[in-house]
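Given the structure of chain C, go ahead and fit chain U onto it with the hints provided.
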Amino acid sequence: MTARVLAIWCMDWPAVAAAAAAGLPPTTQVAVTLANRVVACSAAAREVGVRRGLRRREAQARCPQVHVAAADPARDARFFEGVIVAVDDVVPRAEVLRPGLLVLPVRGAARYFGSEQVAAERLVDAVAAAGAECQIGIADQLPTAVFAARVGRVVDPGQDATFLSELSIRQLAGEPSLSGPGRVELSDLLWRMGIRTLGQFAALPRGDVASRFGADAVVAHRFARGEPGRGPYGRELPPDLDAVLHCDPPIERVDAAAFAGRTLAAALHRSLEEAGVGCTRLAIHAVTAGGGELTRVWRCAEPLTEDATADRVRWQLDGWLTSRRAGKGGPTGPVTMLRLEPVEVVSAEALQLPLWGCLGEEDRLRARRALIRVQGLLGQEAVQVPVLSGGRGPAERITLTPLGDELVPRAAPDRPWPGQLPQPAPTVIFGDTGGQERSDSGMNTGGQERSDSGMNTGGQERSDSGMNTGGQERSDPGSNPVELLDAQGDPVRVTARGVFTAEPVRLDGAGSHYRGELSWWAGPWPVDERWWDQNQEAGRSGSGRTARAQVLVADTALLLCYRQRRWYLEGVYE
Amino acid sequence: MTAAIALEERQNNRYEQLEQLRRQMAAVSGKVGSRWRAAEHPADVLPDSESLLAVPDALAELLPAGLPKGTVAVLSGARSLPVGIVAAVTSAGGHAAVVGLPDFGLLAAAEMGADLSRLAVIPKPGTDPVEVAAVLMDGMDLVVLGLAGRSVPPTRARAVVARARQRGCTLLVTQGQWQGAPLRMDARVCGYEITGGRSGVPVSGCGRISRVQVSIRARGRT
Chain C
1203 MTARVLAIWC MDWPAVAAAA AAGLPPTTQV AVTLANRVVA CSAAAREVGV RRGLRRREAQ
1263 ARCPQVHVAA ADPARDARFF EGVIVAVDDV VPRAEVLRPG LLVLPVRGAA RYFGSEQVAA
1323 ERLVDAVAAA GAECQIGIAD QLPTAVFAAR VGRVVDPGQD ATFLSELSIR QLAGEPSLSG
1383 PGRVELSDLL WRMGIRTLGQ FAALPRGDVA SRFGADAVVA HRFARGEPGR GPYGRELPPD
1443 LDAVLHCDPP IERVDAAAFA GRTLAAALHR SLEEAGVGCT RLAIHAVTAG GGELTRVWRC
1503 AEPLTEDATA DRVRWQLDGW LTSRRAGKGG PTGPVTMLRL EPVEVVSAEA LQLPLWGCLG
1563 EEDRLRARRA LIRVQGLLGQ EAVQVPVLSG GRGPAERITL TPLGDELVPR AAPDRPWPGQ
1623 LPQPAPTVIF GDTGGQERSD SGMNTGGQER SDSGMNTGGQ ERSDSGMNTG GQERSDPGSN
1683 PVELLDAQGD PVRVTARGVF TAEPVRLDGA GSHYRGELSW WAGPWPVDER WWDQNQEAGR
1743 SGSGRTARAQ VLVADTALLL CYRQRRWYLE GVYE
Chain U
619 MTAAIALEER QNNRYEQLEQ LRRQMAAVSG KVGSRWRAAE HPADVLPDSE SLLAVPDALA
679 ELLPAGLPKG TVAVLSGARS LPVGIVAAVT SAGGHAAVVG LPDFGLLAAA EMGADLSRLA
739 VIPKPGTDPV EVAAVLMDGM DLVVLGLAGR SVPPTRARAV VARARQRGCT LLVTQGQWQG
799 APLRMDARVC GYEITGGRSG VPVSGCGRIS RVQVSIRARG RT
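In order, the protein sequence lines correspond to chains C and U.
FYI, the numbering for the first sequence is 1203 to 1776, going by our numbering.
FYI, the numbering for the second sequence is 619 to 840, going by our numbering.
Bound-form chain C, shown alone (with noise of 0.2 Å):
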């Protein structure tokens, strides 16, 4: 169900507008002329003979009490506002498509009146006392109401396309607020081709529309077609909530920075309050001395309070001014201009605290606090929150979210996984992945010659793999390929029937300083996961079955993961 589409349209505006202006009544005959050419007439002048295009001195001989004003956009606004208002009275939140011109969403309106001929009624009768004429069309699609307003009609819903298809093919020209420019050629060439209604524009295929005339083409083409566009907005706009601050003199020191978050808060917190709002998205923006512009946007689970506003100004302008004091980026020089801008906001019950608190919340906002404050230190995804889930590897089963939003697990915990591990859990566990197409591309190539060059400290070396696939999900191991050989010293693989090819005797990782001969080992343990899944299946176990295998090397035990044809380790039991 689409949205239906009103139009208003005051016939001959600027000729209203210019009798209006010069105090004449309506009925009086008036040419409104730009470049000595008559633009716009009233009704009583077309009657006796003028005609838009005319030249002044003709229309003043068909017509010799003509009334001839020059062209005036701002009249032609100014005037219309009346109407504008009148219109608001009884529908509010009309858009002007050009003095003259109103489009309004009108299920609301239709509802409210019964029908809606009967708000169209309505809306004649305001706009009659307002002192002007109007017509009304209401169609499923603005451009389609426009036209339909010109002959007074109310087009049936779903009929857009039959209506329009009647149509001459200049009207895609018709209305110069509805078309782009060169929308006059387009309609000349159309005629020129033969092609005389709109139905007959409508019939020919998109592709060829769009190959041989070009967007503005495309445009015009679902217009023909009665195709959804762009609607009226109808909706109230948010109240403008920013509140400003120009720093004089300029910030360069943390206490002032302090001082301007304290009187910043307070401003903005007045204009939510008197909104009824609470913000849970705050963007701070900064402008500096010389000309830069910072923003950064603070995101709370809880809407802010006005110390949590203020703490946050201070804590972001104190991590820009060190960041600049330190050389590495930050302002290019001392803040000029501080606004805060309330990105999302909540009605204000959403900020009721209980009446008594309860046991702990003071030790739990001082916590919340500080890692609030790191996460202006170094970004939004810096801080993470972990959350028990639903999985089978011991990566899978932790889902991490970035403080603030809301923690919801990736697979429920709750549920029957058949092939989880048991207890206990490895207490290192490697496998910092960005995601499945990162793992891949990088591990193969870059991995191995990597950990060859930094065997020297196990410390180092992980700190590397750390860094090095950065990403936040912990789902895909593969960050430390190992080999897994035979007695022959062949790679053991693990076949479709989820067991060995060979007794696996040594582990050779390149990528992990845990290697040497196996003095136990066991699994391996299939992974049956996202089978049905076509997607999935293709990246994750296409070439092969997922498994998991313990195996004990030089006294240290270590968890196995079979991916892809390939051993990663996955975790340390230490």
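No lab work stands behind these hints, which were simulated from the structure alone.
By construction, the Cβ of each residue, glycine as well, lies at the ideal position given by its N, Cα and C atoms.
Take these hints with a grain of salt, some might be off.
Claimed, not checked - Footprint (simulated), chain U over chain C, 3 or more residues, beta carbon under 8 Å:
| # | region |
| --- | --- |
| 1 | 1271-1282 |
| 2 | 1564-1570 |
| 3 | 1581-1591 |
| 4 | 1762-1776 |
Here is chain U on its own, set in the frame of chain C:
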């Protein structure tokens, strides 16, 4: 009075001194209510939660004076140690943050009883993890800091230690050099229990790892 005692006990190491002070305080508070005097161990009178951090049970035996809040400890060796401490602290109601350890086994922590809602991880703390840890001390009860092989100069360490003491936040440093920490703990895996073995000896291809045995050695500054 306490000052005099402290002078007398200067020769003793720090933990005994603390114990002594605690006993004195318990004796003072014992005078208020007769019920308290009946307590068998005077040290129990002072609620541990106010000055000590919750630690795993096994660790409590190792550290006779517990892990005081506001100290800095350097951990090395097996990861089970920091994971276990994080689990114990969060399950006791404290808030913990793990900085610079992207391979921290959160599931293992949860299995040891950690309350994940009181835990936050910062896997990539950028170029200066110590600064991040110092900021986190404002609100956390425990910060685990992975230095990734860095070493922290003594001047910097001293400032952070002072901040930790002031905020009452315990800092556990791993994977790096930290000068002058009052407590060092080293954990080594000393064995695995593997189910499904034949007469206690694990058989390849059978069983699973059911338990990790870790031996921990703690060294305090005397």
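Hint numbers not upheld by this structure, sorted from lowest to highest: Failing hint: just 1.
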